[in-house]
Amino acid sequence: MEQLAALIAATLSAGTPLLLAGIGLLINERSGVVNLGAEGMMLIAAAAGFAVGFHSGSATAGLLAGAAAGALFSLLFSALAIGLVTNQYATGLALTLFGAGLSAFAGLAYVGKSVPFKTTFEIPGLADIPFLGTAFFKLHPMVYLALLLTGVVAWVLARTRLGLTLRAVGESPESAHAIGFPVRGIRVGAVAFGGACCGLAGAYLSLIYTPLWVEGMVAGRGWIALALVTFATWRPWRVALGAYLFGSVTMIQFALQAEGIEIASQLLSMLPYLATIVVLALISRNPAFIRINMPASLGKPFHP
Amino acid sequence: MWKLRRMLVLSAVMGAALALTGCGKEEPKPAAKAAEAPKPEPLKVAFAYVGPVGDGGWTFAHDLGRKEAEKEFGDRIKTSFVENVPESADAERVIRDMATQGNKLIFGTTFGYMEPMLKLAPEFKDVKFEHATGYKSAENMRAYDVRAYEGAYVAGIIAGKMTKTNTLGFVASIPIPEVVRNINAFTLGAQSVNPKVKTKVVWINKWFDPGKESEAATALINGGADVLLQNTDSSAVLQTAEKMGKLAFGWDSDMTSYGPKAHLASAIINWAPYYKKAIKDALSGTWKVETNWWGMKEGAIDLVSISDRVPADLKKMAEDKKAEIKEGKFNVWTGPMTSNDGKEMLAKDAQGDDKFIAGIMFYVRGVEGKVPSNK
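Quick note, the sequences are listed as chains A and B, same order. According to my numbering, the first sequence is numbered sequentially starting from 1. According to my numbering, the second sequence is numbered sequentially starting from 1.
Hint data in this document are derived by calculation from the structure and do not stem from the laboratory. No residue lacks a Cβ here, since even glycine has one placed at the ideal position from N, Cα and C. Some hints could be false.
[Claimed, not checked] In silico DSS-like links for lysine-lysine, alpha-carbon gap of 25 Å or less:
1) K113/A <-> K206/B
2) K138/A <-> K261/B
3) K261/B <-> K118/A
4) K113/A <-> K67/B
[Stated by the list, open to error] Which residues of chain A face chain B? A partial, calculated answer using Cβ under 10 Å:
5) P17
6) V111
7) S114
8) T119
9) T210
10) W213
11) I252
12) A264
[Claimed, not checked] Counterexamples of contact, computed for chain A against chain B with all Cβ distances above 12 Å:
13) H55
14) T86
15) L149
16) S172
17) H177
18) L241
19) A288
20) G299
Next up, chain A with everything else stripped away, as it sits in the complex (with noise of 0.2 Å):
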């Protein structure tokens, strides 16, 4: 049982850095953006907020300079793939590898450094409750703050006028314009609410998950927040059930080994992957439901 509440907290603390990427990215996708950036946005953050957690001694400050530098590192997506009208698929794929060869070579004074921040945390009362305190209330705080966005950006995006305005630009850039809607600047916006979250995610990793900053160290993990925007069919909920799932599946996969379970590893590593996309696919196979929800200028440039 301990070691069942063990796995759901591991599983909870895995899906963070990618429901807080893919939250952003959606937010970004669903204004007919695609940035493909979000591996380099997440280095960056990922170096900024370990300099700043470093030299001012507080995760706080570290996670909101990186939040900070996701977003101001995606103005530069912004200038050239809305400004100037690039191939945003190309564009984001120059910002991933700029990304990557700008982290490595800022950070290279942080390798081998360590952060000395408080990496126990418990919600007092809650955490003493057998079971749920160990799987659910003993997390760091961003656990909650990702679901808590989720949460807000799911309202926001179906409930209120300024999510209805993003998916109009998403979906009809013309008619936004037309009716009088500042289009690029939004895109802007969202962009850059999307380069904050990767931002925050990329410092999450280097500040708490792994706490050290060492080049590449995100390894794949904005790939894999795009693609389960995608999978997710841009929906918030589904993308938070979705980096929980492959986090779970990750988590589960280790557990296994350790637990001595004779299958191949080779074939373990597979099953995230794999589980990810085969509940994602079932879960949004109505081709309808997929044309609903796709923002229908998804990476079309446009220009007033």
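Based on these hints, arrange chain B on the given structure of chain A.
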């Protein structure tokens, strides 16, 4: 991800190519006679790394070796490296590039470069290829390796005494003999002081992914392991142990600073002695095909920075064992040795030779599970 890596490497190679064509046209001279010439052309030496130099582990250790060799030979050699070279067809492209740029001595520092280097060796007869951790050679290609298991064994002695749950955890990378024998050596070391010890193993099928390494460490700790060792390239396992209040070791490089509370000792590799030897061989024209498998005796392997948490008598035990290994009095692979499915691998008092060690693909008794095979 693959695509990304490939593009990164391509851009790195293209950048390097541009830089070199810009530098001028150096006519490579025959290296063998160069020693007598008054102003010899420096020997160009290239290193292909599987990870980033800043990984704090495997590649970092190789680069330390490269730097030390550079210091030793000064302007008689000129070294360069390419990092993040994947163990795929790209490796061949990168290494071919190194050869065509006039490098006469090329080090490939991971197991996966074996086939690409073997393919390139006949094409570039005047280039000497050095492949780390492999077992194949050619006329102008030889393998070198270190006996990392000696460090793992001594770490095991400390782990066996320090564990309270009698359960050790091992975060393993890719199922090849090199890694399997480190798991075994760690377990054997622990069993030599505590027969009740068992080892749980988690494979992540990657050399370098701090997130995965940390997740695997978490799973092991949740499964009851309280002392961890890893055969992966970053310091994430040690840090996870630090976070969860357990104990762990550094691997490849001294990792004390990553987890001062959890850190028991670091099993390190010092590549410098071998790199100096190989470069000296090439410079003096005495380079020949041989297998160099260096351990504590040659100064290539050590267990350093033993923590103050380790009681003095245990520390002495570890130091004594190190001395025994250095003097050649102790062989980790001494029978009787049984695999964990009950087969006898070494009879009583039999000693495993290098051929035996190179082919270890079984777990010794005390390791849980089964080696993931490619059958």
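Do the hints match the structure? See the list:
{"no.": "1", "hint": "K113/A <-> K206/B", "verdict": "23 Å, holds"}
{"no.": "2", "hint": "K138/A <-> K261/B", "verdict": "22 Å, holds"}
{"no.": "3", "hint": "K261/B <-> K118/A", "verdict": "14 Å, holds"}
{"no.": "4", "hint": "K113/A <-> K67/B", "verdict": "21 Å, holds"}
{"no.": "5", "hint": "P17", "verdict": "8 Å, holds"}
{"no.": "6", "hint": "V111", "verdict": "4 Å, holds"}
{"no.": "7", "hint": "S114", "verdict": "6 Å, holds"}
{"no.": "8", "hint": "T119", "verdict": "5 Å, holds"}
{"no.": "9", "hint": "T210", "verdict": "4 Å, holds"}
{"no.": "10", "hint": "W213", "verdict": "8 Å, holds"}
{"no.": "11", "hint": "I252", "verdict": "9 Å, holds"}
{"no.": "12", "hint": "A264", "verdict": "5 Å, holds"}
{"no.": "13", "hint": "H55", "verdict": "17 Å, holds"}
{"no.": "14", "hint": "T86", "verdict": "18 Å, holds"}
{"no.": "15", "hint": "L149", "verdict": "21 Å, holds"}
{"no.": "16", "hint": "S172", "verdict": "32 Å, holds"}
{"no.": "17", "hint": "H177", "verdict": "34 Å, holds"}
{"no.": "18", "hint": "L241", "verdict": "19 Å, holds"}
{"no.": "19", "hint": "A288", "verdict": "32 Å, holds"}
{"no.": "20", "hint": "G299", "verdict": "18 Å, holds"}
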